[in-house]
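Number of protein chains: 2
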Amino acid sequence: MKGEMMKKRIGFIGTGIMGAPMVKNLLKAGYPVQVFNRSKDKAKALEKDGAVFQNTIADLAQNSDVIITMVGYPEDVEEVYFGSEGIFENAKPGTYLIDMTTTSPKLSKAIEAQAKIDGLYALDAPVTGGDKGAREGTLTILVGGEQEDFQTVKPVLQAMGTKIRLMGPAGSGQHTKMANQIAIAGALSGAAEAMAYAKEKGLSMETVLEAISSGAAGSVQMTNVLSRAVEGDYQPGFFLKHFIKDMRIAKAEADSDELELPVLEDVLEISQELEKEGCGDNGTQIILKHYIDE
Amino acid sequence: MKGEMMKKRIGFIGTGIMGAPMVKNLLKAGYPVQVFNRSKDKAKALEKDGAVFQNTIADLAQNSDVIITMVGYPEDVEEVYFGSEGIFENAKPGTYLIDMTTTSPKLSKAIEAQAKIDGLYALDAPVTGGDKGAREGTLTILVGGEQEDFQTVKPVLQAMGTKIRLMGPAGSGQHTKMANQIAIAGALSGAAEAMAYAKEKGLSMETVLEAISSGAAGSVQMTNVLSRAVEGDYQPGFFLKHFIKDMRIAKAEADSDELELPVLEDVLEISQELEKEGCGDNGTQIILKHYIDE
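Read top to bottom, the protein sequences are chains A and B.
So the first sequence is residues 1 to 294, counted in our numbering.
So the second sequence is residues 1 to 294, counted in our numbering.
These are computed hints drawn from the structure, not numbers from a lab.
These numbers were taken from a predicted model, which means no experiment stands behind them.
Only true hints are included.
Straight line, CA to CA, 30 Å or less: simulated DSSO-like cross-link-like pairs of lysine-lysine:
1. B:K109 with B:K163
2. A:K154 with B:K199
3. B:K289 with A:K245
4. B:K245 with A:K289
5. A:K289 with A:K199
6. B:K92 with B:K8
7. A:K199 with B:K251
Residues on chain A that point at chain B, a partial pick, calculated with CB under 10 Å:
8. G133
9. T140
10. R165
11. A192
12. G202
13. G215
14. V225
15. E260
16. V263
17. Y291
Here are a few chain B residues that sit away from chain A, every Cβ distance over 10 Å (derived from the structure):
18. R38
19. P74
20. E75
21. E85
22. S227
23. F239
For each residue, glycine too, the CB sits at the ideal point set by N, CA and C.
The whole structure should be built from the sequences, with the hints applied where relevant.
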């Protein structure tokens, strides 16, 4: 009972395909949750699950012990935190800020620096596991920030994920997510090039996929993602446009250290071409089309 | 008893790190096996397991119903089949020829064409699963050739592998193996670029590997191969020089169809640079060094 009463009041900003199920899991774990979303309807829809709808970030921030953000692009994160009606303008001292958006590590560091000035505690905590992981509460949560702050909010994160790791100081969660996306770029493109080669040589992509996916060539990207394209399904699990966002951040970060990552660069280039051709709202498996459509 | 008596007499050429354990599994399955190897000692060592040592390919070929080859490079395959003291010069009509070396699909087709002229039956049947799969009899065997010939020799292949697939006409086993190697190139380099990025950003490669390897970024290459480099272990599971051989074949095959595979090309280029620096006898995980040694 005491534990229940001590549960922190959470303000959740960004209730989209990832955020909404994360809110539901926080509610299930017994946390009081207020919600804000730019498209109001998506936040209001969570009232039936027990969330309290807030019309402004100000209203949300003033009644929250922990503010979680799960929005779209780095620009959105910047606006939500640093905007004139944003979090920094409205959060009470002592509030914990957790940005779970995949965004720029530099931005995470800027948020942390401002938080320190304002007497707030900031963590970057991007996730992997997709909308399925968000629904099932099985996300991997990659955290950057101070050990003490991490320990304080860990129970909150445990309501949304199963594998929760402090990776290092501010920005380290984002850097780890970038490493994750870089590895995905390689595995996904390798699977796509393999299938394109097989098709070019007159083999059945399905048969080749079945033959090689359980061995040394196997990857989650091959089995769960690229396989959909082999079946002609380009529906988004993970949007190509969001993958491009992530790869651009990773490339900028690598460039700033003069670290050359040619495979990442190739996959980013191919993906950007596909986006220009109107494929941004497809799933990342659309990369196969680059190779097999001539 | 009848099944036992009907077991085909096998001639096995190439008793190296892969071939030797494959011979042992054929012997265990009850097949009479004769062995030939360029370095004679490696073939003679199998006498204690019940194999019959032969000093020349001629001696081996004249007493075999099925000749299996598992040698090194395409040049070796060519010599063994087409050389003046080779298989075609010596095999009896009706003999089955199974090349399990990873080699050029064009060479597999040339072998099949010659076999037809000579009244022999040829299959290409490269494998995946490495020396571990060879020892444990759990190889994946990717076969190209005629359905009828495949059915005839399938019991022989089943003594060495668990997943045995007819992929299409002559050369299709090799093409499938090439697709496998292309997918490996992507997954391996993606994992290497991810780890190099993490290190560059001051994170622990071990910690990042643990955090991301069980999710969407996960691959056999990340978990079983690149992980060794993260631990500082560059010992060969799979030799870099052999991977280069395979990638060169794959690239030549792609080039001949004007199929561009930029990720494969990057990984081949990086690998060739590493070989020039003397890393050819390391395992493929040495690719990490390209990114982290400056």
